[in-house]
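Colleague: Fit chain G to the known structure of chain U by using the hints.
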Amino acid sequence: MALVELRNVCKSFTKGDQTITPLDHVDLDIEAGDFVSLMGPSGTGKSTLLNLISGIDRVDEGSISVDGVGVTELSRGKLADWRAKHLGYIFQTHNLIPVLTTYENVELPTLLLRLSSAQRRQRVELALEAVGLTDRSNHYPSQLSGGQEQRVGIARAIVSHPQVVVADEPTGSLDTKTSEQIQILLQRLNQELDITLLMVTHDAEVAAIASRRLLLDEGKFVEQNTDTHLKSSG
Amino acid sequence: MLKYVIKTLWRHRTRTFLTVSGAAVAMFVFCFVGSVQEGLNRLSNGEDANRSLIVFQENRFCPTSSRLPQDYANQIGKIEGVADVMPIQVWTNNCRASLDIVVFNGADPEKIQQNRPLQLVEGDWQEFESRRDAAIVGKNVATRRGIKRGDQFSIGNISVNVAAIFESNVPAEENLIYTNLDFLQYTQGLDSAGLVTQHEVMLNNNADPDRVAREIDQALRAGPVATTTRRKGAFQASTLADLVDLIGFAHWLGFACVGLVLTLVATTTVMSVEDRMKEYAVLQTIGIRPLRTLRLVLTESTLLCLVGGLTGTGLALLALSLGGFAIGAEGTTIAFQPSIDLLFYGIVVSISLGVISGLVPAIQAATVPIVKALNQP
Numbered sequence: 001m002a003l004v005e006l007r008n009v010c011k012s013f014t015k016g017d018q019t020i021t022p023l024d025h026v027d028l029d030i031e032a033g034d035f036v037s038l039m040g041p042s043g044t045g046k047s048t049l050l051n052l053i054s055g056i057d058r059v060d061e062g063s064i065s066v067d068g069v070g071v072t073e074l075s076r077g078k079l080a081d082w083r084a085k086h087l088g089y090i091f092q093t094h095n096l097i098p099v100l101t102t103y104e105n106v107e108l109p110t111l112l113l114r115l116s117s118a119q120r121r122q123r124v125e126l127a128l129e130a131v132g133l134t135d136r137s138n139h140y141p142s143q144l145s146g147g148q149e150q151r152v153g154i155a156r157a158i159v160s161h162p163q164v165v166v167a168d169e170p171t172g173s174l175d176t177k178t179s180e181q182i183q184i185l186l187q188r189l190n191q192e193l194d195i196t197l198l199m200v201t202h203d204a205e206v207a208a209i210a211s212r213r214l215l216l217d218e219g220k221f222v223e224q225n226t227d228t229h230l231k232s233s234g
Numbered sequence: 235m236l237k238y239v240i241k242t243l244w245r246h247r248t249r250t251f252l253t254v255s256g257a258a259v260a261m262f263v264f265c266f267v268g269s270v271q272e273g274l275n276r277l278s279n280g281e282d283a284n285r286s287l288i289v290f291q292e293n294r295f296c297p298t299s300s301r302l303p304q305d306y307a308n309q310i311g312k313i314e315g316v317a318d319v320m321p322i323q324v325w326t327n328n329c330r331a332s333l334d335i336v337v338f339n340g341a342d343p344e345k346i347q348q349n350r351p352l353q354l355v356e357g358d359w360q361e362f363e364s365r366r367d368a369a370i371v372g373k374n375v376a377t378r379r380g381i382k383r384g385d386q387f388s389i390g391n392i393s394v395n396v397a398a399i400f401e402s403n404v405p406a407e408e409n410l411i412y413t414n415l416d417f418l419q420y421t422q423g424l425d426s427a428g429l430v431t432q433h434e435v436m437l438n439n440n441a442d443p444d445r446v447a448r449e450i451d452q453a454l455r456a457g458p459v460a461t462t463t464r465r466k467g468a469f470q471a472s473t474l475a476d477l478v479d480l481i482g483f484a485h486w487l488g489f490a491c492v493g494l495v496l497t498l499v500a501t502t503t504v505m506s507v508e509d510r511m512k513e514y515a516v517l518q519t520i521g522i523r524p525l526r527t528l529r530l531v532l533t534e535s536t537l538l539c540l541v542g543g544l545t546g547t548g549l550a551l552l553a554l555s556l557g558g559f560a561i562g563a564e565g566t567t568i569a570f571q572p573s574i575d576l577l578f579y580g581i582v583v584s585i586s587l588g589v590i591s592g593l594v595p596a597i598q599a600a601t602v603p604i605v606k607a608l609n610q611p
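For the record, the sequence lines run as chains U and G.
Heads up, the first sequence is in this note's numbering, so the first residue is 1 and it goes up one at a time.
Heads up, the second sequence is in this note's numbering, so the first residue is 235 and it goes up one at a time.
Derived from the structure by calculation, the hints contain no laboratory data.
Heads up, a few of these hints could be off.
Unchecked claim - Mimicking DSS-like on lysine-lysine, the simulated pairs with C-alpha atoms at most 30 Å apart in a straight line are: (1) G:Lys241 <-> U:Lys15; (2) G:Lys512 <-> U:Lys78; (3) G:Lys606 <-> U:Lys78; (4) G:Lys512 <-> G:Lys237; (5) U:Lys85 <-> G:Lys312; (6) G:Lys606 <-> U:Lys15; (7) G:Lys382 <-> U:Lys85; (8) G:Lys345 <-> U:Lys85; (9) G:Lys512 <-> U:Lys177.
Every value quoted in this text rests on a predicted model; they were computed, and no experiment measured them.
Here chain U stands alone, though its shape is the one from the complex (with noise of 0.2 Å):
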């Protein structure tokens, strides 16, 4: 069985006169340990698929499972809950609390978590270890650079230990220099922590990072292998 699975999933938007369904009966499956990229065009519903696996956002038919967990099935506080525990974020835009320090962002997840006060610590120092940002702790997003913050963001996904971590673009808004570090770090943190990933990304570069890269395209998903043989999937 697999750690993520989307079954006959639809997601259809009003736009003026407009439907537009960027999710027409789509099925998909992520096993654990995976690095999934997910490219397509703009409008496609990349950041809608995430959406829907994170719970912030309905299905309007279909099911989604997350390590048997039917996302689809819960209210909005048990997917609050199940996202505290199970789901790390990354957004493009990095979205830290800008009053709170590099460490208490990355703290904030498990502040919901049932840890003592001692694991606490030790789980922020390790994602801040591991996202080489130890000796920033103390400073403001404000006082950090936009490569920093990212890595803050990445932290922060990563502290509650979570079984998979979406990434809405998570180079989108950063240098090609900074945007490099990042694509090491994700990699890294797939290899070396074990993290199942699901990356959105508009670049290709980006994209070939991932051990699993998925093409989104009218409504449907294109398997894209590194021999660049296509087997749609939809």
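Modeller: Chain G only, in chain U's frame:
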């Protein structure tokens, strides 16, 4: 999470400071109005309000116009249910409503000591009893007028030597100056000898005050001056009738202050929450429950109200305790006193206003459409 709330408030410290200041000013006024109301309630419903009677000249209201024979005390003392009678000559510098009223009560020092709940904080009873022009001064008058023991205090045609300063568990007492009855009668002229303004009648524990009042008026009807006898509480409420209307109006001012705090804190919290909708969406994305988000906003609004409310209440209590304020008319005074009740109301009102004012923005934050808010620039 409290750290997050405090840091959020600190981030917009000018807005926070202005809101807290506004809440503090409004709660200051609220407590001040509350203390006036409390003072009036104490006068009308206090311990001795129903266990003492005041015998006054019929159809007279101002102390200067009530003139009763002093020896009425003997007749009153014989009526069943009367424990003691204290003839009192009252002199006031102002019969109309005033914030700086000075009221002299001339009575027998021994009876004052027996019947009044006074504790001397400076000076002694012996000096008061032995010196004809001696006076003991209530703490509030002393504070307000800067009177100290040994001072010669003069007002109008009265000049007294301050033998002692007293405090009392009945706040209105602390706005009085007690002198010897003979002395006060003498200062009113020779024709005042043997006349007093009123008789205060202390009742036995089981006496029915209304029956005794009726019997007093009945017994004195044959005398040279007819009387009206009422319970002390009713007498004071009737004396202060004009002020009671004003205090009733001031009560609405207190409610207006509550409304002001509510509007002020609600506006600040709504502004703060609307500025941070994306932040609340992020918090919920990382796993904070909607109910917890609701609590975060409520904590924010409650903290604003509580800090402002406690500051305003604290300042009001301090001012009331140091200022010795009182308002009076026709020889009766209402003391504005700090009290535990006022502090309690201040805290309860502040917390309640904090919760109520934060409710709408808290619901907004808890039910924020996450994806829409995350897509905000």
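Colleague: Hint numbers the structure violates, sorted upward?
Modeller: Those not satisfied are hints 1, 5, 7, 8.
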